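Colleague: The task is simple: from the sequences and hints, build the whole structure.
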Amino acid sequence: MLASRRMLLLVLAVPAITLFGFFVWHGTLSPDPTRNHYPGEDELAAGDVEPGNHVSLSGTVTATDLVTIQVTSAHVTHEYAVRDAPDVDEVQQLRLFATYTDDGTLEAHELVVRHAWEATYMYAVSIVAALWILARIFTQWRFDPRSVLFVPASSTTGERPAADTPTANDPTRDEPQAPTSGGGRGG
Amino acid sequence: MADLLTHVLVAFVLTTVASWRYAWLTPPLVTVVMVGAASPDLTRIELVLPAATVEAALGVTFSWGAFQTLGGPPSSSRSEPSSSRASTDAGVVLLLALGALSYHALDLLLVSPSSRAYAVGWPLAEYHPPTSGLNLSSDRGPALLAGLLAALTWAYDRRRESQPVNAAPERTTSG
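Chains as they are written, first to last, in my numbering: chain E, 1429 to 1615; chain C, 78 to 252.
Wrong hints could be hidden among the right ones.
Claimed, not checked - Chain C regions said to be covered by chain E (calculated; three or more residues, Cβ under 8 Å): (1) 131–141; (2) 192–202; (3) 214–227.
Keep in mind that the hints were calculated from the coordinates and are not lab data. Keep in mind that this is a model prediction, so the values were computed, not measured. Even glycine gets a Cβ: it sits at the ideal position worked out from N, Cα and C.
Modeller: What follows is the structure, encoded as structure tokens:
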């Protein structure tokens, strides 16, 4: 029992540590334009982008005369003017591939405009999807506290002593035990 | 990314159709693939707990972006005990990975201003593959199409289930 608990702990700990390691490792990755990995919001805010280099980022439109976007990085927000921008409205989102110029503006090469409601739409349908998955998990899987694992709800694990082990004075005792038919395909 | 709903709908359609051929692909396992197809979007934890906050607290570099790669979802799946037997466990991990693959296949179709996608193959490769620019992640068309297909698939699946089985009844050993 102790050994199996240790095994379980190991089974849980190894992937958890691996995953944590992946997060830390992924955090060390830095942009490399030669590999088409361009600097983004964080690098621009940190002043790591030399003028003349490409950036790939998104921001919210705050001014439209001279199109200006507010770019949020880790803890700070900066505003940048965007040259060669199309007609946009405030609070629209811009995703752009641009050159960071000498005067601190962004010269847009490719640009995608997203309306504010489109982000709301995406969150709404994503919540629908998450609820659908959760509903399926709750109806099709159940937590087995004995093995500390999730098992399909339709599977019989032989843990129904009330039904499976007849008592001494059970009149049906002599009959051959019929397997409980609970293992069919669940809906 | 395409919206999460499209990813999950596509995973549902593909896996349900596959289950007509492969009887062992039971509805609970269809759900596993759907979870796999949603798993790369766990990068959205960023909205609740920014990586910068984790970095400040732990003093190490950190990025939730690992979820949106080949490396992240499989290793996270093993941290959630998902099945009773080691052999099925490996199968569950494989199904999760298949779901994640369908996610990346769809996302490589998306419009990207730099015309390059994220480094999908990390940690095996830091290559940012080109995107086809077929659709925007906020387009409604893909979700509508996937929803329609899912409804048809679901209806046909119900029909199949309710029809009397002519072939010899097979005993599925799920679990």
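Colleague: A separate judgement is required for each hint: does it hold in the structure or not?
Modeller: Here is what the structure says about each hint:
With a cut-off of 8 Å between beta carbons, the stretch 131–141 of chain C has 7 residues touching chain E; three or more are needed, and the interface restraint holds. Beta-carbon proximity to chain E at under 8 Å applies to 5 residues in the stretch 192–202 of chain C; the threshold of 3 is reached and the given coverage holds. Residues of the stretch 214–227 of chain C with a Cβ under 8 Å from some Cβ of chain E number 4, which satisfies the need for three, so the listed coverage holds.
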